[in-house]
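Colleague: Listed below, chain by chain, are the residues.
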Amino acid sequence: MDLKAKILSLVPEAVYDEKGDGMWTIPAGKFHDFAVALHHDQALKFDFLRSLTGMDWGEEGLGVVYHLESTEHGHRLVVRTLTKDREAPSLPSVCDVWKAAEFNEREVYDYFGICFVNHPDMRRLYLRDDWVGYPLRKDYDDSEEINPLRMSNEVAKDDVESFDLQPDGSIIEHRKVLFDNDEYVINIGPQHPATHGVLRFRVSIEGEFIKKLDVHCGYIHRGIEKMCESLTYPQTLALTDRLDYLSAMQSRHALCMCIEKGLGVEVSDRVKYIRTIMDELQRIDSHILFFSCLCQDLGATSAFLYGFRDREKILDIFEETCGGRLILNYNTIGGVQADIHPNFVHRVKEFIPYMRRNIQEYHDVFTGNVIAQHRLKGVGVLSREDAISFGATGGTGRASGWACDVRKRIPYGVYDKVDFKEILYTEGDSFARYMVRMDEIMESLNIVEQLIDNIPAGDYQLKMKPVIRIPEGTYYAAVEASRGEFGVFIESHGDKTPYRLKFRSTGLPLVSCMDTICRGGKIADLIAIGGTLDYIIPDIDR
Amino acid sequence: MEIKEPKIKSMRYNDFKDNEYLEAMLKELNANGTNVVVGCLDELINWGRSNSLWPFTFATSCCGIEFMAMCAARYDVARFGFEITRNSPRQADVILVSGTITNKMAPVLKRLYDQMADPKYVIAVGGCAVSGGPFKKSYHVVKGVDKVLPVDVYVPGCPPRPEAMLYGMMQLQRKVKVEKFLGGINHQVSKKEYARLMERDLNAERDELNVEQEKD
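As they're listed, the protein sequences go chains A and B.
Positions in the first sequence are counted from 1; adding 175 to them yields the working numbering.
Positions in the second sequence are counted from 1; adding 265 to them yields the working numbering.
You may find that some hints are simply not true.
Listed next, the in silico DSSO-like pairs over lysine-lysine satisfying Cα-Cα at most 30 Å (straight line) [said to hold, decoys possible]:
id, chain 1, residue 1, chain 2, residue 2
1, A, 640, B, 401
2, A, 488, A, 436
3, A, 596, A, 552
4, B, 375, A, 332
5, B, 292, B, 401
6, A, 671, B, 402
7, B, 292, A, 313
Here chain B is said to cover these stretches of chain A; the calculated rule only asks that three of the stretch's residues, wherever they fall, bring their Cβ under 8 Å from a Cβ of chain B [said to hold, decoys possible]:
id, segment
8, 300-312
9, 316-324
10, 327-333
11, 409-421
12, 496-504
13, 532-545
Hint data in this document are derived by calculation from the structure and do not stem from the laboratory.
Positions of the beta carbon are idealized from the N, C-alpha and C atoms, including for glycine.
Bound conformation, chain B alone (with noise of 0.2 Å):
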């Protein structure tokens, strides 16, 4: 069966920029051949999936304002399913990460990041976190939040205007909506290794602590 090209209720496919990112993960998801019923399935799953993506609270400086500005009345952000903001990592599907990523935050955030569960996704707010933005020369700033964690969706600005990360989550939920979930993303670790990392103290305050169990 052929999966069709993502649609977003009220904005057409060709106002969206970087399609054909996208047309390329479909083409590759059409190529291998989907079965119909999990096609089917696949497609409803996703649809649920993209309407309900929850956002951590994540922020680290100036674009964590406007994302409360974005979760507030007048750009109302509950109108794609992204209102119900987690505190708890455990809990949320995509982490904004809004703001200067620091040499002494990164280990937290990549934690933060691990302690999330799959599928999960990243999406890189502001021109600090895409690249270090204004504080690039600087002695204590990680340059681009891609050297610690996996980024989906980058949203340049400084802050990016409310709209501008509205635009950086729709386009996220299209992304979502053409993985192929059942037999793909549901199996990204195998259960073995899911197990090891459940094993795998995460809260551990010491890393040596995080004995890695030796293969038998």
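For reference, chain A alone in the conformation it holds in the complex (with noise of 0.2 Å):
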């Protein structure tokens, strides 16, 4: 099928630039029916939003990338709409068609002020409610006269503000009602040990049951995407392992990946090699983390120290190689640091049985367990339809039957050469999920095991200039980080740092979900659901 052909026949002054990856600009009266009509069709059918992008074009105006995917299809769509109002931009959301869109569209407005019409809740996402101005903004002032530390103790609002179109084309604002009156609301976090980090929910809740559930995020967000803007390619790196630290190996391959695709460089087999053992170490890693911290939200806490036990293998071996247990600063653009430690192969291959033989005790002190069946199976159903709808990529979605994993879908590293299996289940509930990262840890040592004795010889870095300039376009890389599409979207205007730097959240997804999952459910299975879902908490604010 033709693609070009057939959005010209959908929208006839889309225009479409070339540079890098490609981008379909849309005006942005038609966008709206212009996404019906993308997801709908039975021909085009892009039903995953993979990643939205809110945008400062400078003179251009302001505006959001969308970059789509058909998941039955395959093909993939970059479009954008643009306004040029800066005052008061407006563009029509799309939260009705790809419900990815309800909390990174609050995002965008948070970033670059953006109202989105008929967005049922418009609030800021991360920022205070008192913050002033818009932070992604080019001409945003930092100054701390303007936005100060602010000690005063945030008020929690029970409506929000929504954008409505009228019939003759004008924009009215008025507040929706979040939670009645007589509505019952506890507040959970930001404190809170099971949340996994610095998350708060807001439930209103009757009896036990759970009737609505809404999330505040921005307690940890560090502006990182800000902060890229006014760094090197090369300095960009260090802050990618900060995201997500459970999958910092991932993240760091990503933005390299991205930067290389952009500089059109291609990487010696070797460091194919390297970065695909080290990300599924680190694969491996987190998955034994999300059971122990799921076993210790759960109440069993002796599964907590076996988890830690057999992590600190893993650490051990990254500590040889890289330096760092946590923060590891592996990938560069063009390879790696420094080569594999002499010791590496044999550790890795004493630890592969090794892990074999204690996920079988997991399996016998834990998943069997009564306690555990009952906290987990039937609990938190996420269907197929809505894991695509929400962009819940992952082993989220995978247990809701959507084979989403993108070393299946986009192979990179050397994941075309080797034979694994991609890990689906159809139930959906908390326990599929659980499953799901059990069996991959499984299959990440498969995946070890058969590159391990077979890394070539080479070049572990290629030469590369200490100022890099990535042509000007715009580029999209993505990698299957521990939870989920963990992508990176560079736009370079052909300066030494970039223009816009996004990274694609594996964890804002998941929470974006979570009201869809809860609501029923019992207060207690909160807890589970949050584990079984495993978001990182700085990867979702970043």
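Quick one: dock chain against chain with the hints and give me the complex.
Modeller: Here it is, written out as structure tokens:
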């Protein structure tokens, strides 16, 4: 099918820009109808919104870039829409088409001040309500006088603002009620041991059943994307490890891949092998930690200790080669920081049978336990349609039967050379999410086993210039991080720093589907659901 | 009576860094003169306190994982008596601020600190809590937790290794051992002040509900 002709037949005014990955520009007035057509048309069926990025193009205006994919046909599309108005910018919301847009559009509103018309909930997502200005705009003034450290407690409002389009074309602002006065609302977090960090929920309950759940993010919003705009490309690498610290290898791999793609650099086979092995070891590390924390949250403290015992083995392997335990700083543009340690192969080979044996122990201790089964089975069901619509990739999506593994969809590294299964469950409940991760540990061990003896000789690092300039254009690269698709979007204007660098968070879609999953469930199950979704808060807030 | 320098089992005094600070504290303590009974009681109480410092499970980011590793089997924080991590600030003695503190989190952290019972201690763990670390130039990061709370021990690193955290905790133990407890830190707040603080509803969502009692 000719995608170009199809799009031009839908919107004749659409303009294609070939720079980098290529991107379509759609006029804002026609964008909503266009989005509906993309989603509903049987030949197109773009049902997965991979990434939604707010942009400030200066003179050209403010806008949004959408990365779309069809889960059925496998084709991909990048479109953008923009508005010239900088005073009161507004664009049509697409959250009725893709549920993933709901939180992402709030993020764009927070960063750029673009109001999305017909969005049900136009609050800031990360920053405080009394924050002045929109930080990712190019003309933002970040002086301390304008936004000092405010120590007053924040008031949690029970209603939200929203902008609705009237039949005559005008836009009116009105407030929508989130929680009624007679609803019983309890607050969980930001300091709560089972939210895995500083995430905050406001939950309306009826008896012990959850009626509604409202997520508050931003307690660890560190402004990484804005910082990256003033850093050179090699410098930006340092911050990715601190996003999702349990996918440090993969996140950095994604950014390196994206920059290498922009530069047109091909890394050596040795680097590809090393990166793939490291990614898989990191995945095992993350999934063991997932197991430990889930058990801890459900009250099984000894399982927590077992998990950490085995995790230390991986950290030892990392430490020998990379020098770090958690923040590894290993991948670089065009290679890796240092060659693998002479002990590396030997220790990894020792670790594989050790871990296989211990997984069995995990199953004996926890999986078969009656309490664990009752706490997890049939709890927090996420349907396949919702998983796709929210863009909940990774173990969560695969537990709902959605084959969303980037390693299979868009193979990178040496994943096309190894033989591995994509773990799929269809139940979509907490137990399935748990089992996906446990099985993935085994699968990752298989991948590592296939690669470890065949690491080819070669350079571990290409010669790169200290100042890197990526040719003008937009680039997107994604890897399968420990908890889903981690994407990097770079817009380069040919400078030594990126014009815009966006990280597709793996955790944001997961928290955005919390409300859908939890409704009707018991308040105690919130812990099991949150535990099995396995989000990392600094990755959500960035 | 003379209070001796703080002793930590299995580590020599000279192996610790930052001894001058403790010596200054000791000097001040000894200069004021201590009653033998009170001094002996103080030493006993401080021995108990320093070996049962209960940390508050507070972590915002990466350092939290290393904190968990510290509590787990290999590093075994229980050797020092810190194993009882508390999920409620009201039961904790020490808060390890592990991770970045952002502008939005700062008032929450302050409130958590206020809810802790005296005597309470703060350890700034990691570059972010010490000074803002790699995010110093960010628009939404507090440049060091000491802008918000009084810090007792700084543990640098990104993230610090569990050993470094243990070292920081041991430094805190030494500090606890040279404190004047009776008539000192057990009376930091006067009764009147304490009553006033208790009347303030720390749980109130809105600041304006924290009505200060008018003085008569």
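Colleague: Going through the numbered hints above, which ones does this structure break? Give me the numbers in ascending order.
Modeller: 2, 5, 7 and 13
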